[in-house]
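Enquirer: Starting from the given sequences, assemble the full structure and let the hints guide the process.
Chain by chain, the residues run as shown.
2 protein chains.
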Amino acid sequence: MPMSPVHLLGAGPVGCLAAILLKQRGFEPIIHERRPDSRREGAYGGRSINLALSNRGFLALAAAGLEAEIQSVGLPMPGRLVHDRQGHVQFQAYGKEGQAIYSVSRAGLNYKLMDLAESQGVPIHFESRCTDVLLAQNQLLLEHQGKIRHESYHVLLGTDGAYSALRNAMQKTDRFDYSQSYLPHGYKELHIPPSSAGEFAMDPDGLHIWPRGQYMMIALPNPDRSFTCTLFQPFEADPERGVDQGLENLRSDEEILRFFERDFQDAVPLMPTLLDDFRKNTTSSLVTVRCSPWNYGPSCILGDAAHAIVPFYGQGLNCGLEDVRILMELVDQAGLHPKSNQEAWANVLETFATTRKPDGDAIAQLALDNFIEMRDKVADPRFVFQKKLEARMQEQFSGQWTPLYTQVTFEPLTPYHQAYRNGQMQQALMDRIIDRIHESLPGEEHDNVDLIDPIIQQELHASGQT
Amino acid sequence: MPMSPVHLLGAGPVGCLAAILLKQRGFEPIIHERRPDSRREGAYGGRSINLALSNRGFLALAAAGLEAEIQSVGLPMPGRLVHDRQGHVQFQAYGKEGQAIYSVSRAGLNYKLMDLAESQGVPIHFESRCTDVLLAQNQLLLEHQGKIRHESYHVLLGTDGAYSALRNAMQKTDRFDYSQSYLPHGYKELHIPPSSAGEFAMDPDGLHIWPRGQYMMIALPNPDRSFTCTLFQPFEADPERGVDQGLENLRSDEEILRFFERDFQDAVPLMPTLLDDFRKNTTSSLVTVRCSPWNYGPSCILGDAAHAIVPFYGQGLNCGLEDVRILMELVDQAGLHPKSNQEAWANVLETFATTRKPDGDAIAQLALDNFIEMRDKVADPRFVFQKKLEARMQEQFSGQWTPLYTQVTFEPLTPYHQAYRNGQMQQALMDRIIDRIHESLPGEEHDNVDLIDPIIQQELHASGQT
Chain A
46 MPMSPVHLLG AGPVGCLAAI LLKQRGFEPI IHERRPDSRR EGAYGGRSIN
96 LALSNRGFLA LAAAGLEAEI QSVGLPMPGR LVHDRQGHVQ FQAYGKEGQA
146 IYSVSRAGLN YKLMDLAESQ GVPIHFESRC TDVLLAQNQL LLEHQGKIRH
196 ESYHVLLGTD GAYSALRNAM QKTDRFDYSQ SYLPHGYKEL HIPPSSAGEF
246 AMDPDGLHIW PRGQYMMIAL PNPDRSFTCT LFQPFEADPE RGVDQGLENL
296 RSDEEILRFF ERDFQDAVPL MPTLLDDFRK NTTSSLVTVR CSPWNYGPSC
346 ILGDAAHAIV PFYGQGLNCG LEDVRILMEL VDQAGLHPKS NQEAWANVLE
396 TFATTRKPDG DAIAQLALDN FIEMRDKVAD PRFVFQKKLE ARMQEQFSGQ
446 WTPLYTQVTF EPLTPYHQAY RNGQMQQALM DRIIDRIHES LPGEEHDNVD
496 LIDPIIQQEL HASGQT
Chain B
46 MPMSPVHLLG AGPVGCLAAI LLKQRGFEPI IHERRPDSRR EGAYGGRSIN
96 LALSNRGFLA LAAAGLEAEI QSVGLPMPGR LVHDRQGHVQ FQAYGKEGQA
146 IYSVSRAGLN YKLMDLAESQ GVPIHFESRC TDVLLAQNQL LLEHQGKIRH
196 ESYHVLLGTD GAYSALRNAM QKTDRFDYSQ SYLPHGYKEL HIPPSSAGEF
246 AMDPDGLHIW PRGQYMMIAL PNPDRSFTCT LFQPFEADPE RGVDQGLENL
296 RSDEEILRFF ERDFQDAVPL MPTLLDDFRK NTTSSLVTVR CSPWNYGPSC
346 ILGDAAHAIV PFYGQGLNCG LEDVRILMEL VDQAGLHPKS NQEAWANVLE
396 TFATTRKPDG DAIAQLALDN FIEMRDKVAD PRFVFQKKLE ARMQEQFSGQ
446 WTPLYTQVTF EPLTPYHQAY RNGQMQQALM DRIIDRIHES LPGEEHDNVD
496 LIDPIIQQEL HASGQT
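Order-wise, the sequence lines are chains A and B.
Numbering of the first sequence is given in the working numbering, commencing with residue 46 and proceeding in unit increments.
Numbering of the second sequence is given in the working numbering, commencing with residue 46 and proceeding in unit increments.
Since no wrong hints were added, every one of them can be taken at face value.
Treat identical chains as interchangeable: a pair holds within one or across any two.
Taking lysine-lysine pairs in the DSS-like style, the calculated list, with each CA pair at most 27 Å apart, reads: (1) Lys192 with Lys217; (2) Lys432 with Lys141; (3) Lys217 with Lys402; (4) Lys325 with Lys233; (5) Lys217 with Lys325; (6) Lys233 with Lys217; (7) Lys422 with Lys432; (8) Lys433 with Lys422; (9) Lys233 with Lys422; (10) Lys68 with Lys402; (11) Lys141 with Lys433; (12) Lys68 with Lys157; (13) Lys141 with Lys422.
Read the hints as simulated data drawn from the structure, not as lab findings.
Expert: Have a look at this one:
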């Protein structure tokens, strides 16, 4: 029996990692990418779009031997640096000493994965756009230089992102549940260059947030000592909810400057190209895509194609890379090999799709919830107190309390849906602990561990956590 | 200035009614229908698919002068005829004396509307399929006999149903919220012919329901004295929820008969072609489509294209026809005329889309809720008691209590979203009244109006309804 290639749509990080790990196992992956080869166009040298990579992403990359290399070029962010309107900055650790998420260039990561895939013999066909998939016939239609050809597939993996062509085809099949849901917010990328001395213009050891209730700005450090800033702001003004400026209203130089000087005062002097960037950079929207089932016979979507989420937990790509890790575990468990038939593949893909779907749903919801946390709660004294308590509980009652953020970000073996459930229970418990502390202790004793530890211990015990 | 035609996609009842009412106002509507002219194919003479038409539909049809004619060929159904497993039948009135919903042939209604549209000079182009809409250019692509032509539109109304081509184009625009969500149930149409004496085989004065918890069968009378039955059943078995047979498991004659004889015993002798029908008729799925916004410049979707709902409130077409009535009110209010420009149209369509959307959402949810009522609650003693109380309350405390079903079905001037909100409040009140009656009165006094009226009156008063 001849070997049957595994076709992949999309040469993004998820598609490349899947191809590399399949190749390692002796399969014949082929990638079709609709865009030209971006490595040739020097986009890498340009202004970077960065993302936060954390333990789930690193664990998946480890299988390709890339963990250490990517971590070494990333910038560790051990916590949030929260800016108030007066420019005061407060540090909130993400986890324990030594734990951090990493600011990584999206393009740089992608190029490394493309290079590695090609060096291992995976063909990447650029400008090869999938225009449709004939699911019942196991055929894909590929357009290259204006010509469309039909290609039969043995196995097809849709790693083609939020606007997936494979998912589009699936959406036309009966009983395919699908939703695309937009936030009322858009985002715009802005820029803080290195200082005139060539240094970082702000502290590079963290993720900067300017939380402003219904909206916020964030900034992540880049290796070239610049920061990429992102403003998340409703498209339309909504005065009842404290949004007097929508992205659509900010038109004149005066309006833009007045808005930034009021809300992001300490950042404005660091942004010499603010007005230019604000005008030149497009405003993008924020979509959550949920669908089911992810599989159809020997085809399956993964990554953003299956679960495009908003960026507020920094988990979008981590989740996509984890999809690949989990799929490979199932491939190995089922003993799939290069000559396995379509039915064997279909079974594995079905298992992947059904077992992984609850994790996709959970991280989608967590990402939406975290927007509220980032733009609003991080500035709330009760939230700040909760973070302190969580750190204390993790230290003093280790094993009985792992904060939700830690489970999601630093514990890749806890499935997202499990973390989500734990988080729901923990928040109820935490609310009881904080209420009791507030009711029974005067403000000056809220840091007194001799007084708060017994309360924590009683509530942990009552909730069955001990 | 020349007149600018209004293009409509789809010659279903909603598209035809909209065209007729636009023509009345001097506009130049043109309908494009992807199917051949079904009137020529004698589908009308075949087995009918019927639907329940009620006051919202009739009010909208009245504007085309068709109310009396359609009502005269429909069969009034003043209530539900609920069959238990032993074949006992219980009548539950839908409303007051004289109120009824009507079983109407879908094809017959559609043909009348097509005939009327054409007789008033509205061209209907059959086999003219919209393959895409270029929204930004106000162009539609129409395929006729294998050739595709571009047609510019001044105004475009998408009355092209649950799989709307216009909505498909809208779905690709930024920030278009969309969901398609399927029930785990499918449905299959079955048939009860007239008796050998040429009479109705069952009581024709009602909508027959065989409620069986997670599933049900219904039957609507036809003018030819047959009944069209519909079985609503989960695709897959789900023993934990009392579904030991999924539609997919019913394969052999034995399995099908055993299932029907256990659950629909009294119907089986009336269904001589049961096995044949069960095999021959396709199994269809049940989708709810929600989306927003419904408009884009001078184009707008209405009817199922904007809000495909499940059929359990009998409101799908009523809601679509009501869309047309409401749109025409807005056209008149804005003083639109045949030479109005696209901006004037865009404003009216925007108003329609934003004000009508909450009604589409409300009836979608009501239809889903009513499935549970029909398949499960109608057999519940508490529900039956509530229906009795509601009748009493409507009679005795008229003006203070209008049952939800009555608001939705018989009061077309109450918007769906208002009915939905009222229904939520009323159910809470009704639960309190029933609880008090159960707690304070022995069972034999539950019909004693001298004892229950004071309880009702107190609770109505306490809730601010008096």
